[in-house]
Amino acid sequence: MSLAQKYPNEVNQIMAKYPPQHKRSAVMPLLYLAQREEGCVTKSALKDIAQMLEITETDVASIVGFYSLYHDQKAGKYRMQVCTDLPCALRGADRFLEELCGNLGIQVGETTADGLVTVEGVMCLAACDKAPMFQTQGPDGIRYHENMTVDKTLELIEALKKSGREVE
Amino acid sequence: MTKQFTLTIDGVQVTVPEGTLVVDAAKLAGIDIPVFCYHPKMEPAGNCRMCLVEIGRPVLDRASGQAVMENGQPKIQFMPKLETACTNTVSEGMVVLTQTEKARDGQKGTLEFLLTSHPLDCPICDKGGECPLQNLTVEHGPGKSRFLYDEKLHFAKQVPLGELIWLDRERCIQCARCIRFQDEVVGEAVLGFEERGRSTQIISLSEPGFDSVFSGNTTDICPVGALTTADFRFGARPWELSASASICSQCPVGCNTTLNTRREAKAGGGIVVKRVMPRQNEEVNEIWMCDKGRFAHHYAESQQRLVKPSIRQAKASWTDAFELVTKNFESSRSDVVVLASGRLSNEDLFNLKSLADGLGGRSILYTDMGGGDLTALVGVGQGTDLGKLGKGDVLLVVASDLYEEAPIWYLRVKQAADRGATLIVANARATKLERFAKYAIRYANGDELKTIAGLHGDGKIAQEFANAQNAVVFYGGDGLGLGGTTDLAPACAKLLKDTNHIGRANNGLVGVWQRANDQGAWEMGFRPEADLASALKGRVVYIVGADPAGDDPALALALKGAKFIVAQDILETLTTQMADVVLPAQAYTEREGSYTSGERRVQRFYAAVPVRGEAKADFAIAGEIGRRLGLNMENGSARITFDRLAANLKDFAGLDYNKLAEVKPQWPIVGRGDLYYGGTTYENKQGLGVQLSTAAERGETVSLPEVRKDSALRPKEDELLAVPVTKLYDLGATVSSTGLLCQRIGAATISLHPEAAKRLGLEAGMRVALSFDGLGGEALVKIDDTISAGVALVPRSMGLAVREPVSVRVQILAEAKVN
Amino acid sequence: MAHILLRHRDIPDINRLDVYQKNGGFEAFKKAVTAMKPTEVTDVVKASGLRGRGGAGFPTGMKWSFIDNKNWPHYVVANADESEPGTFKDREIMESNPFQFLEGLAIASYAVGATAAYIYLRGEFWQVAAFLDERIADMEKAGLLGDKILGSDYSLKIFTHLGAGAYICGEETALLESIEGKRGQPRIRPPFPPAVGLYGKPTIVNNVETFTNVPPILVNGADWYKSLGTPDSAGVKIFSLSGRVKNPGNYELPFGVTFRKLVYEYGGGIIDDRPIKAIMPAGASSSLIVVDDKALDTPMDYASVRTIGGDLGSASVIVIDDTVSIDWVINKTIHFFKHESCGKCTPCREGNYWMLHMTERIHSGTGTQADVDLLLNVAKQMQGKCLCALGEFATMAVVTGIERFPQDFQKAVKA
Ligand SMILES: Cc1cc2nc3c(=O)[nH]c(=O)nc-3n(C[C@H](O)[C@H](O)[C@H](O)COP(=O)(O)O)c2cc1C
Ligand code: SF4
Ligand code: FES
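Protein chains in written order, with this note's numbering: chain A, 1 to 168; chain B, 1 to 819; chain C, 1 to 415.
Bound conformation, chain A alone (with noise of 0.2 Å):
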């Protein structure tokens, strides 16, 4: 199912920001829409993309390949994405991933076994004065987490795993 099939009002509400003849700016809040159940940017989407607005899989893909929120490749059903930037890291970010990731068995950059959560050092999310904190990349979009501890991290998974959705 194409994109604009699947979701009408949003592709509607998307192509009304961009003046008709500029439709090609409408790529990147597609993407999002694309990459929203999947995780990462299909094949197939890429192709529905690129003939939405008129533009080459060539370029979607390329857009895709540039910014780093978007991917090409699946991981786990949410990206937690700890911020180690000099801030940050100032601040105990670097411990607290290594700890993070000690607790959950994996290295950084790996996927919890259930697929849940795949953990990842990133560059500054402009929270540097609540450090350590992460983002969740995942179905329900990006959310913040800030002032975090390993052990409120653990919880925040464990409820994951209950309801499946983040709860806010």
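Any given hint could turn out to be false.
In silico SDA-like cross-links for lysine to any residue, where the CA-CA straight-line distance does not exceed 20 Å [what the hints assert, rightly or not]:
no.	chain 1	residue 1	chain 2	residue 2
1	B	K41	C	I188
2	A	K77	A	R24
3	A	K47	C	K182
4	C	K182	B	S145
5	A	K23	C	E403
6	A	K23	C	I188
7	A	K23	B	R435
8	C	K31	C	K182
9	A	K43	B	D211
10	B	K438	A	P19
11	B	K81	C	Y199
12	B	K315	B	K782
13	A	K23	B	E434
14	A	K47	A	E37
15	A	K130	C	I188
16	A	K77	C	W126
17	B	K432	A	A50
18	C	K226	C	F58
19	A	K17	C	G113
20	A	K77	A	K47
21	C	K46	C	G221
22	C	K182	A	S68
23	B	K144	C	W126
24	B	K782	A	Q51
25	C	K380	B	R435
26	C	K182	A	T136
27	A	K23	B	K438
28	A	K47	B	D718
29	A	K130	C	G221
30	A	K23	B	D183
31	C	K246	A	D94
32	A	K130	C	D223
To give an idea of the interface, some chain C residues facing chain B are shown, with a C-beta separation under 10 Å as derived from the structure [said to hold, decoys possible]:
no.	residue
33	L17
34	Q21
35	R187
36	F337
37	C345
38	C348
39	E350
40	S364
Hints listed in this document are in silico derivations from the structure and should not be mistaken for laboratory results.
Yeah, the Cβ is synthetic: ideal placement off N, Cα and C, and Gly gets one too.
Once you've looked at the hints, dock chains B and C with the ligands against the given chain A.
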């Protein structure tokens, strides 16, 4: 007139038009500023940072706007940072320094950065010997790397981007010339970058990979060995190659080319063509060429080449063959029919026509397109250059798919539209060019003449056409055969005449012919024949450079009824198999001659490789036959033949081989010493050719034939009308004997409107049997919602002999494959 | 003093339209569209001395006056990409005092005649974008956006556009490319956006904080604004304080407050009361400033910070104490810039790649003094040659780190 600015570059004063880039101004002054990402045919990108120079500008007094003086000289202020010569335009009084320590430091720094990530595999790289990076490194590069070799980024080498072009990702320096060429120049963004930063890599996701008929050009402009053609990879080293000038024989554009040849053990020590490269002719192909022209040269080396005359399938001597031919011509005289194609040169066609005339026989042009008599009257005037068309000009392309039929015209027309020219594309279906059209007119098949008639008068489009500074009309045979095009041409000619767009440069009619020298054939007096089959029956037929039997079973049948057949060609064909006498001709790579392009430019090609076997040039064979029949004809020298031709034909008056070989300086400056700048395109030292004048231009009265009101053929109710369209990569001998391009030919298809398909119970991908005119064939169903419901598109030269619109019946052979 | 920008800290629920309006919200916009000519608005902003808060500090009113009135339509774009490590002020504004920002954006749009404005948010601000979309809808409902706003002839629409994880998209021309649906790679400048911007049309790009300053300026006048801050740096600034301080966070202060006051008074001093060692005043793109008394007593304004070998930039003050070795710091920053280099130009693409190899080696203890020298040399080789400022930024901490903290590197390569 544009404002002129005077500036000083390394002490040299130059005056150039406003808007000129510093890098180009330097080039004009004979100063080479090194570049990688900049290319004079594309918008500057400024990303490689190779062209860093110091730029100073006169300090202007705020109040007066005058230059502030210092010691009697204008005070010059230099920017604290180096600037890129490729992105800065000149200004009055500018001072550019390219050789100061600071500038050289900047250039060296960039070069070092590029090299540190570049493999040192020059000895096995195809670009070695003609590589800008290699050349610049030798000149300015650091002697030794300061970095750790094992920290270099490594990639799997050599990935195919498609069948034709290979990518070596380690060699890529991310200059984006190839991507920008495809995007800006061609308008097909089939190349892109993936990832970012140091991981930036070229990708192509089209199907098939790198799906563009211009792909080969990227290997010319790639400043390193990252992109290479599958044809030439590891084929030879550039310095082992000799270069001969040639003209592409694949379509009526007449691209200037260079044949690179080398002696090869594989060829028994003989000289073979290793690659075909574009040769600059700014008024024809600029510095580009299409992939068909670039790769379809192997047929000349094919196993099917005819190398010795034969009589009734038995090898024979030239003497015996000539004797038998002469005897038959002698006894039949006015019953002789010379059937020749636009694959032949002007000289060949002139001699063949002389021969036919001398015998009192007929000369027939083998083509499915009419109107070449009109292009001689109201064709584009001398000095026409599509590259100069832009704002205020109009281009009309009717019934032609230029992308498939004459790719470089597609490119040039598209770019004229980019420059602001009004492009009108009128066709019965969508074509690639349509995307760039201001007005895309889709008419129903059969409405061609009505559509052109509609461009007279005071409609919006008509007004724009009438008021255009310049107007050029391209007409072709998309969906039409000989009949339809013969009707269309006068309609187009009348439109041009009525709006006063004839008789001068950049105005007039261009036929998008099927073959390179169809225009030349018309000039020599060859004319097509609507009922070819009847014209051949019972006659003595001399078929040159054509394979009617292979193309059309109806013609094969007609030939069976011929009295005597002489077939002259370079390859064995169904026609040669039926012939009483077969005469082996030389390929265009083996001899010299000239072609007349669709824009009526007469251009010379030269011999590049030795003759195969006993083959002779077509004009020489015809000349020899003529002589034996007592006619005064030249049988040895192409040059002399051309002189005779020029003496006989008004439009060619005053021309000779020397005139055709004249050159003048061209911009951009390209060539071997300037590889870094324009790419590996060859400089043109062998001739830019001469455009013929038209009757309108010479002030002769132009009387056009009556324009028909309506075309004869349109689909009737409940009928499916098969119409021919052209595919660039078809089953013609030139493509199918090139292994590479073969992969892009695909199956014969029949394209239907979704509704028509539904009515017939057909789906995309189904295999169907077609029957028309008592003939038949198989094809795969394609769906195209841009065509009318009553028609089916059938590609030419794909084994289905639809040469004119014809009623077709379709029967399912196999269900669609599930994808 | 009451906050001018972070007003939510004084007024609860100001992120609700009714509350915002009750507290004087949209008076400035109303005044502009009903009582002022667009150029008058620009003139007030010009006179206020407001400079861009995105980092470069370019005079805002002057930028608006550059808009090319021969080419239409015009666009205004809010730069909410906020990706500089150490910067987190725009997010607080948008989450907590959104209407003041939106009002400023609307006023700017009026001033330059734009009928469409885009807010470019970094992709991670997914929730912020959703929140802003609701606020924009509130404004539309209240007749503050849409056709014929407040009975005037002026019409405006505001749209959010999410980036997707690319620091370079904070650079204004890369940002415009990104809105156009392309790879976020900087364009050659000139032409600058006020001449050729979004979709090739004249465009004003300003930072979120810049826009947020505009409503109070219009209400209180240029002179009032100029009375705050210093002569060269008028008004107030949000300082994002992070790193080894006890109380990191955003602090809205007039320009000219000293580093000492920010770090010790507002930031509560250094964690474990260790000695302060270095300050990066403008995030990861900063020079490393050696902290001594002179540095601590330097007023934080554009001109003064330059006197101690740094740039105020976006005023994202990262504090480094003596527990931290500078070779580790630059390894972190280069890691960032290597990851974020867009790859378009050679020096940044290649330079960061090689610099990362060297900082890794040095930091991991396998480097030599030759590596340090080469690192410094490569950084300098990049300087002044990149297409955009990112490549330049990448070299700042490296050059100043090696030159100003040589002992840290000597130790690192000896180990
Ligand atoms: C690499 C790079 C990143 C930038 N990131 C941001 C950013 O995240 N936010 C921002 O407002 N400006 C950023 N800028 C500055 C913008 O290019 C631009 O100057 C600014 O948005 C103008 O707004 P202002 O005049 O209000 O400061 C960045 C510049 C560069 C070179
Ligand atoms: S400096 Fe060059 S590579 Fe780096 S981000 Fe700017 S344009 Fe891209
Ligand atoms: S930057 Fe000028 S040639 Fe590449």
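Exercise for review: Find the hints from earlier in the document that the structure breaks and name them by number, from lowest to highest.
Suggested key: 2, 4, 5, 6, 8, 11, 12, 15, 20, 23, 25, 26, 28, 29, 32, 33, 34 and 40
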